[in-house]
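Participant: Starting from the known structure of chain A, fit chain B onto it as the hints suggest.
Residue numbers (the working numbering), protein chains in the order written: chain A, 717 to 1036; chain B, 1465 to 1786.
Honestly, the hints are just simulated from the structure, not real lab data. We treat Cβ as the ideally placed atom computed from N, Cα and C, and that holds for glycine. There could be a bad hint or two in this list.
Unchecked claim - Covered stretches of chain B, going by a simulated chain A footprint (3 or more residues, C-beta under 8 Å):
id	region
1	1522–1532
2	1545–1559
3	1624–1636
Stated by the list, open to error - Here are the computed lysine to any residue pairs in the SDA-like style, where the Cα-Cα straight-line distance is at most 20 Å:
id	chain 1	residue 1	chain 2	residue 2
4	B	Lys1571	A	Asp822
5	A	Lys849	B	Asp1628
6	A	Lys740	A	Pro751
7	B	Lys1571	A	Glu1027
8	B	Lys1571	A	Gly1036
9	A	Lys804	B	Lys1571
10	B	Lys1573	A	Gly830
11	A	Lys850	B	Asn1486
12	A	Lys849	B	Asp1484
13	A	Lys880	B	Asp1518
14	B	Lys1573	A	Leu823
15	B	Lys1573	A	Lys740
16	B	Lys1573	A	Asp822
17	A	Lys849	B	Gly1514
18	A	Lys850	B	Arg1515
19	B	Lys1571	A	Lys880
20	B	Lys1482	A	Gly830
21	B	Lys1573	A	Val1029
22	A	Lys774	B	Lys1571
23	B	Lys1573	A	Asp1032
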Amino acid sequence: MEITKEKLLGFYKTMVTIRKFEEKACELFAAGKLPGFVHLYIGEEAVATGVCANLTDKDFITSTHRGHGHLIAKGGKLDLMMAELFGKATGYCKGKGGSMHIADVDLGILGANGIVGAGQPIATGAAFACKYKKSDAVAVCFHGDGASNRGTFHESLNMAAIFKLPVVFVCENNMYGISISQKYHMNVSDISDRAAAYGIPGVTVDGNDVVAVYEAAAEAIQRARKGDGPSLIECKTWRQKGHFEGDPQSYKKPEEQAEWLQKDPIPRLEKKLLELKYATKADLDKIQGETAQKIEAAVKFAQNSPDPSPEDVLTDVLAG
Amino acid sequence: MKMTYAEAMRDGLRVEMKRDPNVYLAGEDVGPFGGCFGQVAGLYQEFGPGRIVDTPISETAIVGHAVGAAAAGLRPVVEIMFMDFMGVCMDEILNQAAKMRYMFGGKAKLPMVIRTPCGGGLGAAAQHSQCLEALFTHIPGIKVVMPAEPADAKGLMAAAIRDDNPVIYVEHKMLLGVQGEVPEGEFVVPIGQAAVKRPGSDVTIVAWSGMVPKAAAAAETLAGEEISAEVIDLRTLTPLDKDCILKSVGKTGRLVIVHEANLTGGFGGEIAAIVADEGFDLLNAPIKRVTAPDTPVPFATVLEKAYLPSEEKIVRAVKELF
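Same shape as in the complex, but just chain A:
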C-alpha cells in the first residue's frame, strides 16, 4: 500500500492535534478548571489516527472513557469538544455529557462511553443498521484490553461474526486495565488470538506505528465494506498517563514507562517524515505551532461560552 506524503503529513497533523488537545486538557484539569474526570489518550494517538483515516462521515465509531483522540480523528470539532469539557452550553452535549460522553451522531460518533465494554454491542448494532440499509458504511468499535474481558466482547464478536456484520473491533491494548497489568488480567499475550473463538480474522499490530495501524485497518475495513464480516485488530500501545488524571500510577514500573516513552508514536513519525524528506524540521514546527493556536482558540471559545441554564436540567430526557 502506498502511503503518500500528503497522507503521512495528514496523520502527523491529526496526531499532533490529539496530543496538544490532551496536554491542554491535562493542564486545565490540574488547574481545577474542568469538572469531573479526565481520561487522557496521550501515547495512543497512532491508533485513532490510523484507523479513522480509513473512515468517512457515513461510517460509525463507538469510543471509550479515553475518547478525545477517537473523536478528533473522526472529525470532531475542537471548540465543541473543549466547551463540553468545561460543561458549557455550547459543548457537544450542552454540558450534559462531559469528557466521558462526547458524541456527534451526525459524524457517526456514537459517543465516548463511561462503561467499559459498552460500545461493543452498540457498534455491532450500528453495523447491523449499515448492512440492513445495504449501505457500504461500516462501524468501528474502539475498546481497551480491559474491555475484552467483558461479556459484551464475547456476545458482540459472536453476533457480528454469525451475521457477517461490517464492524471492526479495534482493541487498544495499552497494557493496563485501570491499574491492572494485562499480564495479570488475562492468560493470553495477544488479544487478537481471541478472534479465533469467533471464526473471524484477528491481527496484532504495533499500535505506536501509525502506518501499521492504517494498513491493518484498511484491510479490515475493506473486508467489512465488501460484506465479508468483522475483524479484530489489536494495537499494542502505551498509556503514558494514568487511568485518570490524578492517578499516581504507583502500579507502573519506571523502567517500563521509560522504555515505552522511547516508542512515542509522534517523534517516531517525525523521524520518518524527515528521513523520507516529506518535511523539514521547520515544516513540522509550523504544524505544531498552528495546532497549538487552534487549541488555544478552542479554549477561548469554551471559556467565553455561557453555562447551561439551570432549567436545562429537565430537557433532552425524552424525544418528542
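Facilitator: Just chain B now, kept in the frame of chain A:
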C-alpha cells in the same frame, strides 16, 4: 375483529413492519419457532430472515445492538424472552438506551422497543415469573407500557414502535390467550393515557397488566354488595397519567392499588405517594395496596396461588376502607 392478546400484539407489529421498512424484530427464537409463547408466529414466513432475526442467546448483545441500530437510524423491536432475563442486559437499558439522548445533549434518537413477557401463573417459579416494572420506571429516559387487553396490546405496540424513545413493552403471560375486540389495520393507542375500564363512585381500583381482569372481577363482586368500584387500567406506567387517577379519587374518595409485583419499592408506592402529595384532601380513607408479598415467586401451585394477588384479596382490601 376478535383476536387474542398475543395475536393483537403481533398484528400491531405486523402493520408497523409493513408501514415502515426500518422496523425489524430480533430476539431468541423469534424466527421459524415463532417466539417462546408463539407470540410472533408467522412473521418469519411473512417477512423473512432479514427482518425477523433469530439471535444467539445473548441478551446483552440483543439489547446493545438495538441501541446502536436505533442510533444509526433503524427502529428495532427486540424480545427478551422472559422479563426475569432483563438483568442480563441491564447496562444496555439503564446506562446506554436510557441515557444516550440526555448525555448527548438531545442529539440522539433511540427509537427502540424491548418486548418482554412478565408474570406468574404458570408455575414457572422465581426466574421465569417476575413483574419487574418498578425497576424500569425508576430510570429516566425510557417509557414503560403494560397493556392488559387485546386492543391495547395492538395499539400500544404501534405507539411504542413509532415512539422516538426506548420503550419497554411488557406483555403478561396469562393474558396472551385472552380474546377481545381489536380494530383492523393501523391502530394506535397513545402512550401515557390510562383507561377507565369500569366507572364507579365509591372506590378507585388502580391496576395494570395481569391485575386488570382481577380488579374488574373484584369490582363485579363488590357491585353485588352495593360498593361501586371504578377500575382504572394504567396501560402506561411511565409517563404516568396522574390526572386520570386524581380525577377518579376526587370522585370516589378511596384508593386501592393492585399490582402483581412485590410490595416493597413497587410502583404502587409511587402512586400512593402522588395521591398523598397531590390529592390528600380528596381521600376519605387510607390508601391500600394489594400486591405480592416480598418473596421470590414460588413454584408449587398452592404456593403460587398464595403469592399472587387475587380477586378475593382485592375485595377484602376494598371492604376494609368502609
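Participant: Now tell me, hint by hint, if it's right for this structure.
Facilitator: Results of checking the hints against the structure:
no. : hint                  : result
1   : 1522–1532             : holds (count 9)
2   : 1545–1559             : holds (count 3)
3   : 1624–1636             : holds (count 3)
4   : B/Lys1571 x A/Asp822  : holds, 9 Å
5   : A/Lys849 x B/Asp1628  : holds, 19 Å
6   : A/Lys740 x A/Pro751   : holds, 14 Å
7   : B/Lys1571 x A/Glu1027 : holds, 18 Å
8   : B/Lys1571 x A/Gly1036 : holds, 12 Å
9   : A/Lys804 x B/Lys1571  : holds, 16 Å
10  : B/Lys1573 x A/Gly830  : holds, 19 Å
11  : A/Lys850 x B/Asn1486  : holds, 12 Å
12  : A/Lys849 x B/Asp1484  : holds, 13 Å
13  : A/Lys880 x B/Asp1518  : holds, 14 Å
14  : B/Lys1573 x A/Leu823  : holds, 14 Å
15  : B/Lys1573 x A/Lys740  : violated, 32 Å
16  : B/Lys1573 x A/Asp822  : holds, 12 Å
17  : A/Lys849 x B/Gly1514  : holds, 11 Å
18  : A/Lys850 x B/Arg1515  : holds, 13 Å
19  : B/Lys1571 x A/Lys880  : violated, 29 Å
20  : B/Lys1482 x A/Gly830  : violated, 37 Å
21  : B/Lys1573 x A/Val1029 : holds, 18 Å
22  : A/Lys774 x B/Lys1571  : holds, 16 Å
23  : B/Lys1573 x A/Asp1032 : holds, 10 Å
Of the numbered hints stated above, those contradicted by the structure are hints 15, 19 and 20, listed in ascending order.
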